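Just need the whole structure built from these sequences, with the hints factored in.
Quick mapping for you: the protein sequence lines, in order, are chains A and B.
With our numbering, the residue at position 258 of the first sequence is 258, and numbering never jumps.
Residues are numbered in our numbering as their position in the second sequence, beginning at 1, plus a constant of 1000.
Watch out, some of these pointers could steer you wrong.
Unchecked claim - Examples of chain B residues lying across from chain A (beta carbon under 8 Å, computed):
1) 1061
2) 1065
3) 1088
4) 1096
5) 1097
6) 1104
7) 1106
8) 1109
9) 1113
10) 1123
11) 1124
12) 1126
13) 1156
14) 1160
15) 1312
Claimed, not checked - In silico SDA-like links for lysine to any residue, alpha-carbon gap of 20 Å or less:
16) B:1084 / A:215
17) A:225 / A:298
18) B:1063 / A:200
19) A:302 / B:1111
Calculated from the structure, these hints are not laboratory results.
Bear in mind the structure is a predicted one, so any value in this text is a computation, not a measurement.
We treat Cβ as the ideally placed atom computed from N, Cα and C, and that holds for glycine.
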Amino acid sequence: MLKYVIKRILISIPLMIAVVLVVFLMLQVLPGNPVSVMMGEKASPDVIERVTEQMGLNDPVWERFIDYLVNAVQGDLGTSYKLSRPISDLIADSFPNTVKLAITSALVSWIIGVFAGIISAIKKDTLLDRFLMGFSLVGISLPVFWGAMLLQFIFGYTLGWLPISGYSTPAHMILPAVILGWTSSGTIARLTRSSLLGIMENDYIRTARAKGLDESLVVVKHGLKNAMIPVVTMMAMQFASLLSGAVITESVFGIGGIGVLMVSAVNTRDMPLLQGSVIFSTMIIIIGNLVADILYSFLDPKIREQ
Amino acid sequence: MINNDSIFEIRGLKTQFFTSKGVVPAVDGVDITVRKGEAVGLVGESGCGKSMTAMSVMQLLKKPGRVVEGTIKLNGEDLLKMNKREINDIRGNRISMIFQEPMTALNPVYTIGKQAMEALMIHQKISKEEAKAKVIDMFAKVGIPEPEKRFSVYPHQLSGGLRQRVMIAMAMICNPELMIADEPTTALDVTIEAQILYLMNQLQKEVGTAVIMITHNLGVVAESCDYVYVMYAGKIMEEAPVKELFKNPLHPYTFGLMNSIPKMTEVKTHLYTIKGMVPNLLNLPQGCRFCPRCDKAMKICTMYQPDLYELEDGHKVRCFLYNKEVMESGK
Ligand SMILES: Nc1ncnc2c1ncn2[C@@H]1O[C@H](COP(=O)(O)OP(=O)(O)OP(=O)(O)O)[C@@H](O)[C@H]1O
Ligand code: SF4
Ligand SMILES: [Mg+2]
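Next comes the structure, spelled out in structure tokens:
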């Protein structure tokens, strides 16, 4: 098990470096001199040339990449052109909001998703099953911004129960968590249902019934644990993707998270900030997948023992 | 049965599958009697309804299958009239079952010890420690080497033979009155098959559990049973004490089965050599179900279904050859 974990971690290191390289190169080929963007239109060409030289932007690409990588490993992702603050500070400021949003919406998603999936599987082909699966399909296909605005309109504007924008109190967290959780719950519900239905066809389920176990115990003890193996993996990946920033939800509800940080970097052509935040988000996803893999092996004794 | 020590009686059992193509009469009026501590064989070709008979008893039939008629009595109580709770009190406790495929019958995410303890924990009020001790005892009894160590091993770490021993241990753990074994050795190789059959015989004698041994191999019946039912296309064709059946087989189908017994020393390659095909249950012949494959078939066989005729010594056979009136009238 430990060997497996170490192996998986070692495999993800080259992947991370490759990701940094790709993001780095992608932003190199974008047209426009970042210095002129940073200094505004009125700066003279002389000044721009001098600053470019000073910042080392005339060095060969590979040299700058190595520098960037070495600094990044030490937590230094450079300085934002527009905000003149270290990018790592900007990320550290916005990440807690993204984490809060990710945790609350993941909880909503998992609770709704797993319960709906189990009930649907047990009541397969009944009206309840169709209703739940329809509900989750709506969740999957619902555009987040539209659903978010609908909730804002109903619970914020019309009923006045909940705040519409900002992220300072727990009440602020409810609407974003509900909409983001609902739209993510559909995938979990459908996966839980199909996984559980598949598992319930297994011979060992028949063995469990033949022992005299109550049907609900058969489902929960013998079905669910096996059925959750792919679901937990999906949950970990979903959580990682939530942690990497929910651009639309953050924007609609005015939550200062990683997603909003990335959008503002794009809008202001703040290349180092964009680069830093994209790389940060991607790292979160890679780590999330790593955790998903390790969880998977932990749940499945066959892999665990290797 | 007149015999008073019968503990388990199936009477007129009909199990059908309601499919889009029609009603499949998988079990069609079956009577089976099991006496205390007796080993009863249920033998027949693939698809004749052996497993569905067992599943009807355990009430593990899957949709669209359903018992439509009959009674299944354990010590006089009809299982078919019981509610789910009462059935669960019987399953794994008073009647247990072993399945054909040991590789998939155990849950991969729990240790075998935990799975074996489960039946004990639900049916008997004992502590975890007592249950564990009992399971380790039982593992030793069924010949699992190093039972304490094996207790916390996962199914995939065991061979097929060992897993079937685990299944037997699980089935015997509550000292059931009846154990149904559905082809418990078919998936195993011949030497292991012999060991497992021997083990089951030993346990059965020791504990006094009655067994219904389901198999398509008369050799297994000869080895391990006292009484045998021969089943074909949902019906019992012949029944007799094992010795009597082997000494004096009556039904043409039984002859066919006897000729195709694989020798215990041979590698199982093919199983049956009775000419013709197993009948399609959706489109059964009007007369005797074995008629299209029977080399002794007479005219009457194509028109009427024979009853189960009782001869001397309790030997019963479903064939017009043994009906005096039919034979004397010369049809
Ligand atoms: N789900 C189903 N739908 C329709 N018919 C079914 C279904 N399951 C079983 N049957 C019918 O029940 C019949 C008896 O099946 P059963 O499994 O009892 O046979 P068996 O004697 O145990 O054979 P085997 O030796 O292959 O295990 C089959 O021939 C089949 O026609
Ligand atoms: S009743 Fe006729 S067809 Fe059927 S087994 Fe006997 S002889 Fe053959
Ligand atoms: Mg079968």
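Hint-by-hint comparison with the structure:
1. 1061: violated (11 Å)
2. 1065: violated (13 Å)
3. 1088: Given a least distance of 4 Å, the restraint on residue 1088 of chain B holds.
4. 1096: holds (7 Å)
5. 1097: holds (5 Å)
6. 1104: Where the cut-off is 8 Å and the nearest Cβ of chain A is about 4 Å from residue 1104 of chain B, the hint holds.
7. 1106: At about 6 Å, which falls below the 8 Å cut-off, the nearest Cβ of chain A leaves the hint on residue 1106 of chain B intact, so it holds.
8. 1109: OK, holds: residue 1109 of chain B within 8 Å of chain A, min 5 Å.
9. 1113: Nearest chain A Cβ about 13 Å off; hint violated.
10. 1123: Status holds, d = 6 Å.
11. 1124: The hint is violated - residue 1124 of chain B has no Cβ within 8 Å of chain A, the shortest such distance being about 11 Å.
12. 1126: Hint on residue 1126 of chain B: violated, closest Cβ of chain A at ~15 Å, above 8 Å.
13. 1156: Interface hint status for residue 1156 of chain B: holds (5 Å vs cutoff 8 Å).
14. 1160: At about 13 Å, which exceeds the 8 Å cut-off, the nearest Cβ of chain A leaves the hint on residue 1160 of chain B violated.
15. 1312: violated (39 Å)
16. B:1084 / A:215: holds (9 Å)
17. A:225 / A:298: holds (12 Å)
18. B:1063 / A:200: holds (13 Å)
19. A:302 / B:1111: holds (12 Å)
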